[in-house]
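Based on the sequences and whatever the hints tell you, model everything.
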Amino acid sequence: MSANLGINLIEVKDLKKYYPIKKGILRKTVDHVKAVDGVSFDIKKGETLGLVGESGCGKSTLGRTLLNLYEKTSGEVFYNGTNIHDAGKGKMNELRKDMQIIFQDPYSSLNPRLTVEQTIGEAVRFHKMKKKDELYDHIKQTASRCGVDPNHLTRYPHEFSGGQRQRIGIARALALNPKFIVCDESVSALDVSVQAKVINLLKELQKEEDLTYLFITHDLSVVKHISDRIAVMYFGRIVELAETNKLFESPVHFYTKKLLSAIPKSHPRKNTKNYVDQKTPEWVKIPNGYKIDDRDPKKRDTESVMVEVRDGHFIACYKADEFLK
Amino acid sequence: MNKILEIDDLKFYFRLEEDKSVVKAVDGVSFDLYEGETLGIVGESGSGKSVTTMAIMGIVPMPPGFIEGGEIRFQGNNLFSMDPDKLRNMRGSDMSVIFQEPMTSLNPVLSIGDQLTEVLFFHQKLSKKDAKAKAIGMLEKVGIKGPERVYNGYPHNLSGGQRQRVVIAMALLCEPKLLIADEPTTALDVTIQAEILKLLKEIKEEFKTSTIFITHDLGVIAEVADRVVVMYRGKVMEVATIDDLFDNPIHPYTVGLMNSMPSIDTDSDELYSMPEKIGHPIVIDREGKYAITDEIYYEDDTQMITLENRELRVHLKKEVD
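Each protein sequence line maps, in turn, to chains A and B.
Residue numbers 2 to 326, in my numbering, belong to the letters of the first sequence in order.
Residue numbers 290 to 610, in my numbering, belong to the letters of the second sequence in order.
Calculated directly from the structure, the hints in this document are not laboratory data.
In this text, all values refer to a predicted model and were calculated from it rather than measured experimentally.
Just so you know, even glycine gets a beta-carbon here, dropped at the ideal spot from N, CA and C.
Where hints are given, some of them may not hold.
[To be verified] Part of the chain A face toward chain B, derived, beta carbon under 8 Å:
id : residue
1  : Glu-55
2  : Lys-198
3  : His-219
4  : His-268
[Claimed, not checked] Calculated cross-link-like contacts (lysine-lysine; reagent style DSSO-like; alpha-carbon spacing at most 30 Å):
id : chain 1 : residue 1 : chain 2 : residue 2
5  : B       : Lys-292   : A       : Lys-35
6  : B       : Lys-497   : A       : Lys-271
7  : B       : Lys-566   : A       : Lys-208
8  : B       : Lys-313   : A       : Lys-266
9  : A       : Lys-299   : B       : Lys-434
10 : A       : Lys-259   : B       : Lys-434
11 : A       : Lys-271   : B       : Lys-430
12 : B       : Lys-421   : A       : Lys-259
13 : A       : Lys-266   : B       : Lys-490
14 : A       : Lys-258   : B       : Lys-493
15 : A       : Lys-271   : B       : Lys-490
16 : A       : Lys-271   : B       : Lys-493
17 : A       : Lys-258   : B       : Lys-434
18 : B       : Lys-430   : A       : Lys-274
19 : B       : Lys-490   : A       : Lys-141
20 : B       : Lys-414   : A       : Lys-259
21 : B       : Lys-430   : A       : Lys-266
22 : B       : Lys-493   : A       : Lys-259
23 : B       : Lys-493   : A       : Lys-266
24 : A       : Lys-300   : B       : Lys-434
[To be verified] Some chain B residues close to chain A (C-beta under 10 Å, calculated; not the full set):
id : residue
25 : Leu-461
26 : Ala-483
27 : Ala-514
28 : Ser-549
29 : Asp-558
30 : Glu-559
What follows is the structure, encoded as structure tokens:
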């Protein structure tokens, strides 16, 4: 896959996003929903990091907080060394060009009143990236690169199929020549044959433009196909992060095991791999005083940290009680 | 084995309001369902798989839908010429459906108990007490913990997986002979999906229900089905047993569908890209003996034939010596 891994393009440090639960006439905050609860990871330049987890685990909130679309509760996100939440409005506008997002639903993520040309060109015009006479050519080029027929630029979203709309969404993100794209369930709503084409397109564009992806999905076969590394999220925290092949060969955290064992089999006579009963492999080296964090997420009282149990394989661990005393 | 359901050249069309043009949603579909088997129907959106099964239940709004031709026979009786009252008695008791969206297929303002016992009052004329006992027993059977509490609760008290279990319980209450599951796990998370699939398999063992299982996910099909119908644009492309289909898919559309799915087992860099136009294999007919060729035929003149343990949509070329 990608070759020039090394420089961290994105660094996330202990990012938290809480939503207040308000009650009573005074709307007093009684508790918080901890959608993202202390998440740290890096994404290297040119890499695809897959982020998997079930609905409600906070993966989409993480993706959007990371782009500063949602305000964070605490923690830091660095893009190319710049802390994006500290950057002023002007600087943030600059950064937005580099950091884009492709949404899940190709039906609701496009403005029905804008033509394809307006949709793709809107942000380019806002950032004044192209002169007036260059703009149309740029839109045309971007569209055809993403497989949208340049003759259809005057059409409206309702005139396209789901796959075509998703291509328009990709073209809209790509028109700004971004370096980093969050793909938030970008292929989940598509039929398999269309999904295959869009995945191929995303991979092709990555090769051409040296793009970095955070690929959020609940589909494990898709994430295996596209990612260099995978982070598994569970109740607001990342519980395991490893290279794709290593994760699928020998998952360590119980939730990763459960998730991987639930994948439907690929052939009627093949049995699904059951990871759940697998013992913790010998190479897992957990420092003294720590335990693998397999606590009930509702009863987690102390913070957990990501521990590197072998080269590039991280597991969430917590300080065991007897060492706290 | 006996056939419980026969669909014979079903043509189900829709007439569009604005320009009176006709959409051929189901265009000459034939297949049979045997007693006790699970038949998978796969296809992408718009392939007609849902309309076919909704036509079996008689729940497609007409108009705009209309039956252009064909027959659906359930236990030998043609459903289209049946007395409407008789049909209504059959729906929900002899045949029932599990829908895709557990969020929308339950009524939010009725308690789970009310929704479950409705079919028992209507079809089996049970007393209130008996109906409640039966409903709670069924909730327990589909793996719901604390069935009493759930019985008195409302849909919003339940998670997606629990709701789907309730819907399955509802469908099974009258012990139907035919169960139609329309993408029952598509809206669920993988771990919940695995649990529901396991439950459906157990139910099949226990009740010996004949099931039609509709999905777009070949992985799910591999888990549950005995035989598979592959549909594309309102027509059947291939019908085969699950082993034959996965070992040796023949129709270009089936092959394409399989190759389009990213697989857990293989590392391929690029996924297969389905061509815009799907063709059919050309088969040479030598005095009744078929020989399949590598050539592909792109026009409409195709037919279903039996070849290599399956039914296949092909273009037949008669060879004369």
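Against the structure, the hints:
no. : hint                  : result
1   : Glu-55                : holds, 4 Å
2   : Lys-198               : holds, 5 Å
3   : His-219               : holds, 6 Å
4   : His-268               : holds, 5 Å
5   : B:Lys-292 / A:Lys-35  : violated, 54 Å
6   : B:Lys-497 / A:Lys-271 : holds, 24 Å
7   : B:Lys-566 / A:Lys-208 : holds, 28 Å
8   : B:Lys-313 / A:Lys-266 : violated, 34 Å
9   : A:Lys-299 / B:Lys-434 : holds, 19 Å
10  : A:Lys-259 / B:Lys-434 : holds, 21 Å
11  : A:Lys-271 / B:Lys-430 : holds, 28 Å
12  : B:Lys-421 / A:Lys-259 : violated, 35 Å
13  : A:Lys-266 / B:Lys-490 : holds, 15 Å
14  : A:Lys-258 / B:Lys-493 : holds, 28 Å
15  : A:Lys-271 / B:Lys-490 : holds, 17 Å
16  : A:Lys-271 / B:Lys-493 : holds, 21 Å
17  : A:Lys-258 / B:Lys-434 : holds, 24 Å
18  : B:Lys-430 / A:Lys-274 : holds, 27 Å
19  : B:Lys-490 / A:Lys-141 : violated, 52 Å
20  : B:Lys-414 / A:Lys-259 : violated, 44 Å
21  : B:Lys-430 / A:Lys-266 : holds, 25 Å
22  : B:Lys-493 / A:Lys-259 : holds, 25 Å
23  : B:Lys-493 / A:Lys-266 : holds, 19 Å
24  : A:Lys-300 / B:Lys-434 : holds, 21 Å
25  : Leu-461               : violated, 23 Å
26  : Ala-483               : holds, 4 Å
27  : Ala-514               : holds, 8 Å
28  : Ser-549               : holds, 4 Å
29  : Asp-558               : holds, 8 Å
30  : Glu-559               : holds, 6 Å
The structure fails hints 5, 8, 12, 19, 20, 25 (numbered hints given earlier, in ascending order).
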